[in-house]
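Peer 1: Given two chains presented individually in distinct reference frames, assemble the corresponding complex, making use of the accompanying hints.
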Amino acid sequence: MTDAATNLHPGLNLGPSHGEAHEEAEVVTFGFWVFLMSDLVTFGLFFATFATMWGSTAGGPGPDEIVNLGSIAGQTTLLLASTLTFGFASIAMKYHDAPGRIAMWLGVTALLGAGFVALEVKDFIHMAEIGAVPQRSGYLSAFWSLVGLHGLHVSMGIVFVGVMVLQIYLLGMTSRVKSRLLRLALYWHFLDIVWVGIMSGVFLAGAL
Amino acid sequence: MSDDFLSREEAAAAAANGERGRDTRAYLTGFALAVLLTVPPFVLAWTGVLPRGTTLWVIAVAALVQIVVHLRYFLHVDLSRQKREDLQLILFTVLLLALMGGGTIWILSDLAYRMH
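Each protein sequence line maps, in turn, to chains R and S. No gaps in the numbering here: position 71 of the first sequence is 71 in this note's numbering, and each next residue is one more. No gaps in the numbering here: position 54 of the second sequence is 54 in this note's numbering, and each next residue is one more.
Here chain S stands alone, though its shape is the one from the complex (with noise of 0.2 Å):
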């Protein structure tokens, strides 16, 4: 029992090495990409130094930059992993919700145009 326990954490201390260190390096990586993804947008918004539709433009590219940050390297889904199912998930999930939300946007759009 407690030979198991030992070996479990030689298996760990072999593990460490360096594996800990990429790994806190991941997460540091992601947030760091978080802030500079996050600081523009707040200070054009704050600001108002760029026409109204440029920073909508920056807000939505920097906000889906980051999303695919986040994934990549809090969430760990990434191109590289030879099952594909969780991926697949997302992308199919995605199409649900274009299809749903966009399809609600785009009648309901358009019901308020001819209702003027």
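Pulled out of the complex, with its shape left as it was, chain R reads as follows (with noise of 0.2 Å):
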């Protein structure tokens, strides 16, 4: 097989001993990806929106009150650590792993992706106490849209990993439910570079 005929796709390729579930990957995948550039106008105009918001804080709290660098920096390691888990997941259904390890490492994916989440929570509750709530200013609407938006979707994901787990045990590791996985995937370090973006743009940018 040359390189051509095993790479289908982007992301990870299951490869020839996989048979139809590496072959059929190709189209949903790719239809997949239109999805996620899709997704991606979407984050960019609410970036774009959010950085036409900077500074209109209307006397309200700035950057420097709500941006927790410590928290931040957990959320990262954690978001962070839960792509590289995932591509162990994905590396385990490559290799003819016993399904019990693929759900293995998927479950630590959605443990440090709830992780995320919940330092993200706090860090909103936090703000709602202090009044930075999204009513308040242009810049927290913009604020809470952008980091919402985000959190919403790596709440999803953890969804959808806890329903890929279901599917693994009730249906096997069938060409259908690999195909999903190799999706969902793209999904999942998809937000981690949307991810990079919030990071840099709102609370580096922000905490200087």
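It is possible that some hints are incorrect.
[Said to hold, decoys possible] Here are the simulated distance ranges between beta carbons:
1) S:V68 with R:L45: 38 to 48 Å
2) R:A58 with S:I107: 16 to 26 Å
3) R:G172 with S:V39: 22 to 32 Å
[Claimed, not checked] From the derived model, a few chain S residues whose C-beta atoms are all more than 10 Å from chain R:
4) R52
5) L79
6) H116
Honestly, the hints are just simulated from the structure, not real lab data. Glycine included, each C-beta is placed from N, C-alpha and C at the ideal position.
Peer 2: Here is the structure:
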């Protein structure tokens, strides 16, 4: 098999030993990329809105009061670690490891993701307590929309991971389950890319 | 049926020779690079040892490089593949974003300037 025949689509390719799960993943994975890129446009426009609202605090709390760099460092660590563990789940699937092992890595991924969301929610609760609510200023509206949209994506991702673990146990490692896991991996890694933008553009720049 | 399963396993074992290690190393490399590109901006933002403008540039460049690292090592998008539709899709999306996002920022900052 040549390289062109084994790498059919973006993301981790399962390789010829997976037969139809490998071949048929090409079209659906590319279709999923189209969705991810449309999602990227959505995030990009939330970013653009945030940029235009920079400094529009209307006398309310600004970045220096709401950015907690310690918490952001923790969230970044958890999300980055979860991307690595999802990679391990993908590799376990590619090399025909036992389903339990794949589910174990997925479980670790979901737990790390849940830790990320928990820290984020804690920050949001603190913000609400000091009056940094979305309706306070343009800056805060844009902040809650952008960071909240990403948090919502991660939360949905955790639900999807749970659904996939159930499917592994109920349906087994069928071609369809493998192909869904490939797409969920893209979704999870993509969210980490968006987080790099939020971490840098919203929090690190805001802390200065 | 079971023969088919065995041969699949054998194929997997054959593919696993070296390839599994390469795949695992790729994810670990991506992870290590991501950490290396995350820590300096955090340290700079935390301590504020450099001037604000310089720190902002470091943060922006580290973020852009890290996005490329994620695409390369986690999403497996690179320049070596023969099917290029996915890269073209990404570049087209970036073009759309530059027009829409860049245009939004340009127009609204111009408006803000004129209203003062």
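Peer 1: If you check the beta carbons of S:V68 and R:L45, does the distance land in 38 to 48 Å?
Peer 2: For R:L45 against S:V68, whose Cβ atoms are near 22 Å apart, the range 38 to 48 Å is violated.
Peer 1: Verify that the Cβ of S:L79 lies farther than 10 Å from every Cβ atom of chain R, and report whether the claim holds or is violated.
Peer 2: Given that every Cβ of chain R is farther than 10 Å from that of S:L79, nearest at about 12 Å, it holds.
Peer 1: Is it true that the C-beta distance of R:G172 to S:V39 lies inside 22 to 32 Å, as the hint says?
Peer 2: violated, 42 Å
Peer 1: Non-interface claim for S:H116: all C-beta distances to chain R beyond 10 Å?
Peer 2: The claim stands: S:H116 keeps its Cβ more than 10 Å from every Cβ of chain R (closest is about 12 Å).
Peer 1: Evaluate the given range 16 to 26 Å for the C-beta pair formed by R:A58 and S:I107.
Peer 2: holds, 21 Å
Peer 1: Checking a non-interface call: every C-beta of chain R should be farther than 10 Å from the C-beta of S:R52. Is that right?
Peer 2: Non-interface label fails for S:R52: nearest chain R Cβ at 5 Å, not farther than 10 Å.
When each numbered hint is compared with the structure, violations occur for hints 1, 3 and 4.
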